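Fit chains B, C, D, E and F with the ligands to the supplied structure of chain A, relying on the hints for placement.
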Amino acid sequence: MKKISPHTLKKSWKIWFFWHGSSQQGENLLGNAMAHTMSPIIEELYDSKEEKTEAYKRSLTLFNTEQQLGAIAPGIICGTEEAVANEQIAPEVADSIKVALIGPTSAIGDSLWVATIIPLLLTLCMTITNMGGPFLYLGPVLYMVGYPLLTAQMSWRLWQKGYHLGIEGINQFMKSGQIEKVTKAMTILGLIVVGALAASFISASVPVTITPPGGEMAAVNLDDLINRIFPKLLPLCLAYAVYWLYSKQKKSPLFIMGVILMLALAFTGLGYLTGAY
Amino acid sequence: MKKISPHTLKKSWKIWFFWHGSSQQGENLLGNAMAHTMSPIIEELYDSKEEKTEAYKRSLTLFNTEQQLGAIAPGIICGTEEAVANEQIAPEVADSIKVALIGPTSAIGDSLWVATIIPLLLTLCMTITNMGGPFLYLGPVLYMVGYPLLTAQMSWRLWQKGYHLGIEGINQFMKSGQIEKVTKAMTILGLIVVGALAASFISASVPVTITPPGGEMAAVNLDDLINRIFPKLLPLCLAYAVYWLYSKQKKSPLFIMGVILMLALAFTGLGYLTGAY
Amino acid sequence: MKKISPHTLKKSWKIWFFWHGSSQQGENLLGNAMAHTMSPIIEELYDSKEEKTEAYKRSLTLFNTEQQLGAIAPGIICGTEEAVANEQIAPEVADSIKVALIGPTSAIGDSLWVATIIPLLLTLCMTITNMGGPFLYLGPVLYMVGYPLLTAQMSWRLWQKGYHLGIEGINQFMKSGQIEKVTKAMTILGLIVVGALAASFISASVPVTITPPGGEMAAVNLDDLINRIFPKLLPLCLAYAVYWLYSKQKKSPLFIMGVILMLALAFTGLGYLTGAY
Amino acid sequence: MSILQAIMIALFVYLAAIGSVVGNTLGWYSLGRPLVASFVVGVIMGDVPTAVTLGLLLQLANLGSVTPGGAVGWDLSYATYIGVAGALAFHVGDIAATTALMWAFSTVGGAIGVAMWNLNYALNLSVNRIAYQGAEEANPKKIAWANAGLGNIIGFVTRFIPALIILATTAVAGSQTGINISELIPQWLLIVLNTFGGMMAALGIGILLSFLIKEKWQFALVLFGFMLVVYFNLNMMAVAVLAMILAVLYYVAITQREQEEGGGRS
Amino acid sequence: MSILQAIMIALFVYLAAIGSVVGNTLGWYSLGRPLVASFVVGVIMGDVPTAVTLGLLLQLANLGSVTPGGAVGWDLSYATYIGVAGALAFHVGDIAATTALMWAFSTVGGAIGVAMWNLNYALNLSVNRIAYQGAEEANPKKIAWANAGLGNIIGFVTRFIPALIILATTAVAGSQTGINISELIPQWLLIVLNTFGGMMAALGIGILLSFLIKEKWQFALVLFGFMLVVYFNLNMMAVAVLAMILAVLYYVAITQREQEEGGGRS
Amino acid sequence: MSILQAIMIALFVYLAAIGSVVGNTLGWYSLGRPLVASFVVGVIMGDVPTAVTLGLLLQLANLGSVTPGGAVGWDLSYATYIGVAGALAFHVGDIAATTALMWAFSTVGGAIGVAMWNLNYALNLSVNRIAYQGAEEANPKKIAWANAGLGNIIGFVTRFIPALIILATTAVAGSQTGINISELIPQWLLIVLNTFGGMMAALGIGILLSFLIKEKWQFALVLFGFMLVVYFNLNMMAVAVLAMILAVLYYVAITQREQEEGGGRS
Ligand SMILES: OC[C@H]1O[C@H](O)[C@@H](O)[C@@H](O)[C@@H]1O
Ligand SMILES: OC[C@H]1O[C@H](O)[C@@H](O)[C@@H](O)[C@@H]1O
Ligand SMILES: OC[C@H]1O[C@H](O)[C@@H](O)[C@@H](O)[C@@H]1O
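Protein chains in written order, with our numbering: chain A, 1 to 277; chain B, 278 to 554; chain C, 555 to 831; chain D, 832 to 1097; chain E, 1098 to 1363; chain F, 1364 to 1629.
Chain A extracted, bound-state conformation (with noise of 0.2 Å):
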């Protein structure tokens, strides 16, 4: 029985965590990275250079995932190896497996981890960078050292729990009511904290100012008005229209720039407008 050494695992991994996205392309995506990741694995694992190339044809087909949390996915495809090179599973199973994987990993690495994950870790960096003073050098460096660490941990125990998966597991993770569930959560989370988001930093206000004629009653600011009826109901709609615009409209990150300079043309000429200015 081939086995591959815990040694040359790890020293897969750390060609992964570096160079996952050095050479990446519309053809194969990440296979140029893939087929490095796996040269040590393929070296220990083979002995006849006709073994190898084969090994190293199937590493470089087209792949693809988020490249943390989805470390996952090659950590997989390194047991799938060892698993050819035992010759337990036939090397089309190995490719199927391996075409498997992008969709899921992908999705779930972008969606959990760099949608909700990393603006939170963000977001309570830049908390604590508000807060001024010395905190103004603590936020970035905390994030600056902190999140790498952290996540290189993470990546490389999903790659050795990817690696150790057997095929069921694999058959079982693929499918895994699990994923859904830790993802629910984490989207609640991250919903929540949008929000917070939301309210926390967007600022929005129209400078009206209405005075009612007659002069009974005092001139009124009109975002004071909105806000006693609901607090930050502006930003709160701002949010909500980008959302709109990017998602049901279809439109450009740069468009909606657009949009928003426009609208802060306009706020400015009706605040110069009602004298607010």
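Any given hint could turn out to be false.
Straight-line C-alpha distance at most 20 Å; calculated DMTMM-like pairs for lysine to aspartate or glutamate [claimed, not checked]:
id: 1; chain 1: F; residue 1: K1504; chain 2: A; residue 2: E51
id: 2; chain 1: D; residue 1: K973; chain 2: B; residue 2: E327
id: 3; chain 1: C; residue 1: K735; chain 2: D; residue 2: E1046
id: 4; chain 1: F; residue 1: K1579; chain 2: A; residue 2: E180
id: 5; chain 1: A; residue 1: K2; chain 2: A; residue 2: E44
Hints were generated in silico from the structure; no laboratory data involved. Just so you know, these numbers come straight off a predicted model, no measurement behind them.
Chains B, C, D, E and F with the ligands alone, transformed into the frame defined by chain A:
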């Protein structure tokens, strides 16, 4: 195939919307209003005088519903009348559907709409009114304009929905878990809001000041004492007492008003006795 | 049919309530107290000396329970004794029920009552006490009077409930999901309250002041720094540390007291060193 | 209050009645709610702030006004128009005294309103025969006349006329120079009525509770709402939004659970 | 502290013991909890405010005092009576110094209490033969004498006497004029003991946690309670009510779910 | 900004690119996030506070930066380095003017970044043949050279050089004495750009929403988070902890439910 034209359907709804309650009485409740409401439809669907008389008589029988959220009921009846005219169902079936609709649509309308949504809207507008200044005007006007507009829209939509339901739709509607679920969810809304109302708007306090003998300790206001242990405990108890009198003891609102008056007298007396006034 | 009179049942409960713990020891635990408790019942149910001796001997065997919430257990035993006297069940069945009751009623009583309800009541009364002035007296007196009164009532009710359960009732009770559910719900209550306790009452702070070199920035108090990122983090960690030592490391409270004393020494030392004192 | 103002208010007393010509949505549930009714009176009598201040008290005391099957326990609409207009007619600036008056007037007004509603309800029976004739003759006009025509004439007569009488009398009394209500009402009575008014909000809320509470545990939700105000200092808007969020989540939870179970079983 | 006071307190040391003649409800769980025990000492010694202030510290440090199967890890009751009474005997107004003394006295007292409890527990074995004889003879009086009579005499002797000795000695020492504890205790020791006292609440709370936590995720609930105080500024009463509401809702949720499932399947 | 500083920053522009030699964890997701990137610029240019203040604005405006399948819509990293360094080069103390400049520079920078990334992505295709040869020859060194060697050389060239050109030009312009940006930018433009900046945070948050929202009801959760800040005055740390608690409880709830159902059925 006979079909009610959209224009006739709308006309029928309008009669209902304005004159549903014009001649209600103990004999057929909203029966006359229902005959009036059905008149454009009956005129459109039937040709012979015999058929019309037949249909009018059926529409004159006892009918009742909450007239806004319950507008789905007459909507459904328009649909069954059409089915009768096309001889798809027997008049007896239409009659029994009509009778069956009275109970649930009255109950849901009264408890969901009149006892939950209306108080909620009133409360929000009262909160706005309470802010004073221009809000004193905004609150009542918002309700006076907003409530009828939104309600008319909803009522018209439910009417159409009812008309389009079809026989299976009706059966489903009658035993649907959907309604029950919406009711449950709305009840949660209502209960939380009512609790908040009790805390926000009931003011009750025992004007009793206790001076401990010996003169060592400062005089204590009984109300302060209670409020420091659990704030606004008295208003909470008062609301519960009204609930208990009304719901469990089946006392009339007038009787309860009397009880509250006695309490007010007693508290005032206590206040005079202990020197609070 | 023999029947325990209400008066005898009450008499039996009174003996239990006051003398359940009078002669507890390692041999039969509450065995003597149980024989004492059963004496009025045995005297009422049996006529011959042989039967009585038989019954007394059975009541003397090892028995234990939490004595307040667990009062349901001796209540049940009164019922089974009656069944034995009426020859509805064999004495062996009664015995095995008795033994089976020890575990669950001890565990539930200790964790639900002693570790959840009592700390909760104490905490509420402490909160009142903490308000100072007349509340300083109100808090302890409230507990001293309220706790025994309410507990006695509950205990007597459970006793009666136990007595009336009947054999099926007992079986159901023993495997009932009901208890489990109440326990779960109470645990939620307890956990939240304990968290709040940690935040309200533990005071721990590192008296360290850091003066950044260069003199550009103001001196920073380490505690302030921590609290601005997460308030009262230290007390939280301390509570967790005690939990860990007690629960995972199986250290005794005395040992933990020692650890806390060392910490207090260390912190004080640190304070002197950095010039906080 | 002039006679013209009295007529206008009496007109609204009719319009805001249950079953008036504008329908319950515009009438009973909008013009008839004290928040709106007091505003209308305020506009007619030229003192919106005082009118609405009084109206809020009545609104709170009657939030839970539901009339199942035509059973009107308390005619909130009548009570508000008569109560607020009557109090305003004597208003000389002392809000405590005016509030006291309002409670008196509205109590009388509400009682008259119930009586008139019951009369209206009885008289409407006379219309049924005409409607039946219309059906026999297949004559939609006759049916319309019976329901919308006669029905509303009866409604108008039974409500507008008594309201006008009361209001006109009040108008005359109020215009008497030299009457100063503040001096007529003793201090202790003011305190009693103030205390009474503050507690009256419990009436509306308690009756609402009766409609909403079906099981004991639901008091936990009421208590939760109570705490949101008492301990978290939320205002009603915030509570309403939060409660809506929870209602939505609850609805989603029970719907999803059902689907899963349905899916799991089929 | 006079000798009479010492005797009265020693009496309560007995009554508040686990398994005393008044039962655990009145004794160990009421008179034996520092909140009450310190109050009792305060009443006897005529200084309730100081006594209760000390008692609250001990109560917090021992909230989680549970004695499964007779295993008394720390005799809270003994510790409180001796600790508070001892400290009060030397109290001259400096609360920091008195608190420091209290920690010292209560540590000694708690240790003696445990020893006495174990002695009591062992000596009670002697009673069993008499109870057995009572059973053989079917003699309820003998059984009662064994349990309530002898059991309590043993309890009284093992607890009252050592407590009286300590307290009387303290009383004599405390009455010595010229002793000023505040001057005897150095500043740094006061700081240490103060710091120690503040952290001791973690002991009670940590032990409570050990009893309540069964699964890791439950720390989320603890953290939730923590946040209610730290971020929402709730007091304990508010937290308790809120926690109760959530417990009720949780109970209702799991009960309803079960019924639905039961209903759906059967 | 000196030429040396320009070189150093251009180096970081490369390192912080997607797919740079240090990997995305250290590069794109750490050095490339405005919070860190601005800090790096600040350190290099000796003004961390101003740099980070600018960086926070960019970070907020781009929180939701996700690049599925290599699709870079907006090169956040390039935008930040160029934007912050460019603005700092002209910074004379007026933060409003500097912020306005930053928005201008970062817009240009981001656009160039996207172009360069697409160039890089295209040029990388040339590497594939060499990698394929390596596979044919079973030569791991050749594969490594293709991926890590050539891949990174292409990356470096396409990103470092344009960045250096821009930055060096800026350095020269910025060092011209007599240029006072504050005086060149009119007041109204400052207001516009300030308003723009405040609203730009909506961009990042709105895009994040697009990634997270799958069903309509989920807006209820967003609104809940919103309220935690608006009505309960929580800061982000508190919200994060609370949200984590709720996520844990939710996870436990759905896991337990499944187990129960599984248990009940099997
Ligand atoms: O109960 C249903 C319905 O009955 C009658 O039609 C009226 O009292 C309505 O106000 C009520 O909604
Ligand atoms: O554990 C159950 C029970 O055991 C013994 O009887 C005593 O220690 C009690 O305090 C305890 O509650
Ligand atoms: O979508 C998955 C994955 O695709 C490519 O590899 C890159 O764009 C990554 O940033 C992304 O995470």
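Each hint tested on the structure:
1. F/K1504 - A/E51: holds (17 Å)
2. D/K973 - B/E327: holds (17 Å)
3. C/K735 - D/E1046: holds (19 Å)
4. F/K1579 - A/E180: Answer holds: F/K1579 to A/E180 is near 19 Å, not above 20 Å.
5. A/K2 - A/E44: This hinted pair holds, its Cα atoms lying about 9 Å apart.
Violated hints are absent here; each numbered hint is respected by the structure.
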